[in-house]
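*Asks:* Now that you have both chains on their own, put them together as the hints suggest.
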Amino acid sequence: MTSTPSLAASVAGLVRSRDLLWTWTLRTLRARYQQSILGWLWAVVQPVAQVLIFALIFTKVVPVDTGGVPYVLFAYVALTPWAFLSTALTDMSTAIVDNMLLVTKIYFPREVLPLAAMLARFMDFVVASALVVLLVIYFRVPVRPSALLLLPVVVAVQAALIVGLGLAAAAANTFLRDVKPLLALVVQLWFYLSPIIYPLDKVPAAWRTLYSLNPAVGVIETYRAIWFGTPLPVASLAIAAVVAAASLVAGYALFKRSELVFSDIA
Amino acid sequence: MSAVSPIVQFHHVSKAYRLGLTRTSLPGLARQFAGRVLRGRATAAPRTLWALEDVSFDLHRGESLALIGPNGAGKSTILKLLSHITWPTRGDIHVDGRLCALLELGAGFHPDLTGRDNIFLNGTILGLSRAHVAQRFDEIVDFSGLEAFIDTPLKRYSSGMQVRLGFAVAACVEPDILLVDEVLAVGDASFRQRCLQRIAALRRQGTSVIFVSHNLYMVQAVCTRGIYLQAGRVRRAGGTAEAIGAYELDLHAERARRFDDGDEPSAAAAEAPPGLEEPAVDITQVTVHGPAGDEVLVSDQPARIRLHYTAYRDLDAINLAVFIRRDDGVACSMIRSKLDNFRVRLPRGQGRITLDLSPLQLVTGSYFAEVEVTDEADTMVIKQDKARSEWFLVRGRTRSYDPAFAAVFEPFARWSGPEPAGLEP
Numbered sequence: 006m007t008s009t010p011s012l013a014a015s016v017a018g019l020v021r022s023r024d025l026l027w028t029w030t031l032r033t034l035r036a037r038y039q040q041s042i043l044g045w046l047w048a049v050v051q052p053v054a055q056v057l058i059f060a061l062i063f064t065k066v067v068p069v070d071t072g073g074v075p076y077v078l079f080a081y082v083a084l085t086p087w088a089f090l091s092t093a094l095t096d097m098s099t100a101i102v103d104n105m106l107l108v109t110k111i112y113f114p115r116e117v118l119p120l121a122a123m124l125a126r127f128m129d130f131v132v133a134s135a136l137v138v139l140l141v142i143y144f145r146v147p148v149r150p151s152a153l154l155l156l157p158v159v160v161a162v163q164a165a166l167i168v169g170l171g172l173a174a175a176a177a178n179t180f181l182r183d184v185k186p187l188l189a190l191v192v193q194l195w196f197y198l199s200p201i202i203y204p205l206d207k208v209p210a211a212w213r214t215l216y217s218l219n220p221a222v223g224v225i226e227t228y229r230a231i232w233f234g235t236p237l238p239v240a241s242l243a244i245a246a247v248v249a250a251a252s253l254v255a256g257y258a259l260f261k262r263s264e265l266v267f268s269d270i271a
Numbered sequence: 002m003s004a005v006s007p008i009v010q011f012h013h014v015s016k017a018y019r020l021g022l023t024r025t026s027l028p029g030l031a032r033q034f035a036g037r038v039l040r041g042r043a044t045a046a047p048r049t050l051w052a053l054e055d056v057s058f059d060l061h062r063g064e065s066l067a068l069i070g071p072n073g074a075g076k077s078t079i080l081k082l083l084s085h086i087t088w089p090t091r092g093d094i095h096v097d098g099r100l101c102a103l104l105e106l107g108a109g110f111h112p113d114l115t116g117r118d119n120i121f122l123n124g125t126i127l128g129l130s131r132a133h134v135a136q137r138f139d140e141i142v143d144f145s146g147l148e149a150f151i152d153t154p155l156k157r158y159s160s161g162m163q164v165r166l167g168f169a170v171a172a173c174v175e176p177d178i179l180l181v182d183e184v185l186a187v188g189d190a191s192f193r194q195r196c197l198q199r200i201a202a203l204r205r206q207g208t209s210v211i212f213v214s215h216n217l218y219m220v221q222a223v224c225t226r227g228i229y230l231q232a233g234r235v236r237r238a239g240g241t242a243e244a245i246g247a248y249e250l251d252l253h254a255e256r257a258r259r260f261d262d263g264d265e266p267s268a269a270a271a272e273a274p275p276g277l278e279e280p281a282v283d284i285t286q287v288t289v290h291g292p293a294g295d296e297v298l299v300s301d302q303p304a305r306i307r308l309h310y311t312a313y314r315d316l317d318a319i320n321l322a323v324f325i326r327r328d329d330g331v332a333c334s335m336i337r338s339k340l341d342n343f344r345v346r347l348p349r350g351q352g353r354i355t356l357d358l359s360p361l362q363l364v365t366g367s368y369f370a371e372v373e374v375t376d377e378a379d380t381m382v383i384k385q386d387k388a389r390s391e392w393f394l395v396r397g398r399t400r401s402y403d404p405a406f407a408a409v410f411e412p413f414a415r416w417s418g419p420e421p422a423g424l425e426p
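Protein chains in written order, with the numbering used here: chain A, 6 to 271; chain B, 2 to 426.
In isolation and in its complexed conformation, chain B is listed as follows (with noise of 0.2 Å):
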């Protein structure tokens, strides 16, 4: 193999698992065929599944690639494939050079053995040899910080301490080929960060890694390539930021789709107090696109809002709120015409009116704009149904749905300094 071949090579793999085959016992047989004769019941035929579909892709020295994508893409198939835990159906798999696969931490852990033992028994299973662990054990119990537990059986510890040993034993793995789940991800933010620096000098070190994470921030900081899945096909492949735009505008579409199945928080509208006669108007439309029309608005370039209306005579007293939302119903912005000091005058016929947000300063995420209609103080909604925009998908500097990253305001920032000490404030 020469210096500039894959480390990697997946060609064209599929991979099928066989879905309702149960090997029945002799009297469940006995109790099919009794259903058979007795009722003309038919058993189902054994389904086939296929898990990845036609799949290639190579993978250099030093790259970092990102596999993304819904839950059942075929992601952890890829990275069970890569790690001989399962066959291919189909295709040639071709992995040159030392390969860990870390699904889980602390594989082979053993409740009633010490820490001390636990350590040889996971590392081995790693692959690393008793005389390696030996080495690298004081190493190991220093960085899980369980020094005074090292004695002590292992369901003594708390899950925390037990994934901490198991990071420990992980991180001595020194491999060309690093495979990670985001099962390592769990924990808390200082765990994450432990994970993706020990990553980061692996990388500095060679090794290329290819990462299984739905949290797409941890997969702009680790790595150069992405591959986004989709029902066991690859969707789109390329840099990392490719990949991830294509899977957020599928997730965009999702989430939209499942709130508008369900119940829509707009819905719940105040209905309009007896007495009150509705507006002679209709909002007809509502559209949200950015400075070129585009579909796809951008954190910090504008958006303009535009109601198209049918007014059937004459209006000047009443106010407009635009409101825009997002997929979970929360209000991120809330524009009212009267706190605006602009006075809504429509003249019999229809138009529109336009409003512009410079810039839209919202982070990355799916919404859509609601219009109300209301009173002359506007202090009550006087129009029973709320207009709607089509959903829009946003997108910020952020590019995550983890809700761990997640807020709503993206401000425009500008970063300085550093200042000596002392100065004015």
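Just chain A, with the same shape it has in the complex (with noise of 0.2 Å):
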């Protein structure tokens, strides 16, 4: 058989694949925090750096009203997540490429490379979310139990999102490597026109629909709702789980289609 395997005969090789994907994952994370004295405390330091610099700014120089979460918080609890996307997209953009000796060399499902780059980001963002757990506790956030049942799913869609993106990322990375910083530009602005430092309703009314479209929204409007209590925002966090899912089946897709030819163009 020489055609291109269907989706669900790749998802069933990626399933067969799970042992390699868990040792790949690791083999990034103890890569990473070899010979590094804070090891994995780097995937703490590096948000609470930015969000302090963004607490002096936003309640020191130009004040903004969180609607009276601690400003530390407020930033911190969309930095984490945001952190886990683009250094999970930047990371599984650049996955096949750096691995091209082995991709030439041995077969196993090429997606392993950029989702075991994921996988290791978000052990990142696990360790990075114990900190918000202790934040909220020091400040004492009144978070309703319930509410951290939605955790799992906004987390899901988060992740069904980069899957997506960055799965066409690595494929396209290997074509072109303009994608790479091309791809840094994007999430640089991308950062600014979501609401991550800034709050949502210091968006202009008119403009808020379109900037609703934009999935970052609906995620990070989730977290706040589930770790403050506000109104879940229902109609952004659909329009992101629509585009997370629609991304990540044809971030797949597109994947395994030039996963064909990546040994060829090394």
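Hints are computed from structural coordinates only; laboratory data are not their basis. Predicted model, so just to flag it, every value in this text is computed and none were measured. All residues carry an ideal CB built from backbone N, CA and C; glycine is no exception. It cannot be assumed that every hint is accurate.
Dumping the calculated SDA-like pairs for lysine to any residue here, alpha-carbon to alpha-carbon at most 25 Å [as the list claims (entries may be wrong)]:
#1 B:Lys339 / B:Arg259
#2 B:Lys384 / B:Glu296
#3 B:Lys156 / A:Lys185
#4 A:Lys185 / A:Leu57
#5 A:Lys185 / B:Arg32
#6 A:Lys185 / B:Val282
Label-pair distances were calculated between CB atoms; the ranges are [said to hold, decoys possible]:
#7 A:Asp183 / B:Gln206: 48 to 54 Å
#8 A:Leu181 / B:Leu197: 43 to 49 Å
#9 B:Arg131 / A:Pro150: 34 to 40 Å
*Replies:* In structure tokens:
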């Protein structure tokens, strides 16, 4: 058989390679934090440093009303998932190119490489999120336990979005190295177009609908709703879920189609 | 699939690579455009290279197939196609069973991780489960002989230790079809030996093997069938000996051509000393044949060398020396009329001298015969032009161009024994 394998067959192949996926994730994590004093603490240092500088700007220089939530917590709750998205996308985009020697020497489902890059960043996200819990306790934020049930949902939506975009970027970067710098630029602009360091209600009402087409809006607002008890942004979360599902299917299909020629264009 | 259907079907497979197709950057395009406008220079069109053209074969359970041929023949492309690293441009490939390709030892090894981590990494890349690796972990460590370093980062290992670790992991793969590239055959003799032993053990369990190597000796040891590829096409398919035979003939022709194009050692012949008169004889032709006039000689069969001459007057104060030279110029045999007490007496006119070597006793390889005319005492070459035969191919018991197995002389050998100890010498 020389035709492109079906999506179902691809998923089955990936499931068979789950041990490799896990081992490769461990390899990525161990290699990253080997010979490093802070080790996995770097997963916290990065967002904390960012939060501190933004807190300085938006509480002292240009004060922003965050609806009674301490700015540090307000920003950190959004910055950790954003860090997951941006670092995972960056790592995924180069996962194939960085391992070209392996890709030309041995066969395994190629999506293992970008997916392991994503999973390794997800571990960072889990570590960084532990600080969210500490901050919530410290600031005595009244979190409703039932709201926490939404956490797996929003994480799944976010992960689907990242996987879809990341797989597409990994495939595209194999053909054109412009993708990596382009992606860095897009992620940078996307950051400012998402309600991370400022609240959603600062966006002019006339732009709000257009603005909410950004799937990051639904994801970040849902995280805030979970922790701060604000109303669940049903519409924007639904938009995010649809965009994420579409990107997952399209990104995976695109990746599996182009996978066939990865080793030929090395 | 019935038990008799092939385990690997490779039908009319072709694989094309596009050469010269580089995606130029925008600045590059601008430069190209400027170049075209200013100098009218055309850009090269992309070329298509057919790495494989219409190659077909079947492999049945338990068979072992050798792919041989020069670099660029398409051997590695076939392995990559079978292992799904790359896809065919045309044709059908069907693999019925678990396939493992050992194109490289220690695939995925990370220098910063310990030997332990790398065993799991390499094992799962080869398609093993973590449980399977864990179950055979002690065996792997044992086999590698690296117990003391198993928690040391791989970057502290010597390259030899890394190869040993990679091989120890590869050795616990038990596929239905094993693809082995000759990278496995690097390393010292004992390492090669362990590779061969491991492959032999798998074959006994019914594993089919496809083996790529330049080492015709190893090929013969491992494989029952052979395909000789050249420039992406099958030149000969059949038994291992048949395929190797065809490859050797072509190698021979190629080496002869390369040698003739380059500097010949005989061309740097000693000039006749001044004052010595050139003898009035020309060696017009030198031929080398087997007993039945065959052009391919066999080591344990006789060979006949004929020197055709034209003498311009009666001669009886000369000697002849015949050298058999290998393709690197080394003289493997020297036969001198003076030493053999053969008196060279040539009457005026044309004729021939015959020299019989019985048997030839040379190893497999390409050779030519060279004739020198020397003075009466056989101390000086007195004829500047040395006559040469065409290249000839010798088939010996060895079937290898691999320098590791190279020798010159292939004596008659007869083995006997065992005999009890304490006998007369």
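*Asks:* For every hint, state whether the structure bears it out.
*Replies:* Tested hints:
{"no.": "1", "hint": "B:Lys339 / B:Arg259", "verdict": "violated (34 Å)"}
{"no.": "2", "hint": "B:Lys384 / B:Glu296", "verdict": "violated (28 Å)"}
{"no.": "3", "hint": "B:Lys156 / A:Lys185", "verdict": "violated (29 Å)"}
{"no.": "4", "hint": "A:Lys185 / A:Leu57", "verdict": "violated (28 Å)"}
{"no.": "5", "hint": "A:Lys185 / B:Arg32", "verdict": "holds (24 Å)"}
{"no.": "6", "hint": "A:Lys185 / B:Val282", "verdict": "violated (78 Å)"}
{"no.": "7", "hint": "A:Asp183 / B:Gln206: 48 to 54 Å", "verdict": "holds (50 Å)"}
{"no.": "8", "hint": "A:Leu181 / B:Leu197: 43 to 49 Å", "verdict": "holds (45 Å)"}
{"no.": "9", "hint": "B:Arg131 / A:Pro150: 34 to 40 Å", "verdict": "holds (36 Å)"}
Checked against the numbered hints given earlier, the structure breaks hints 1, 2, 3, 4, 6 and satisfies all the rest.
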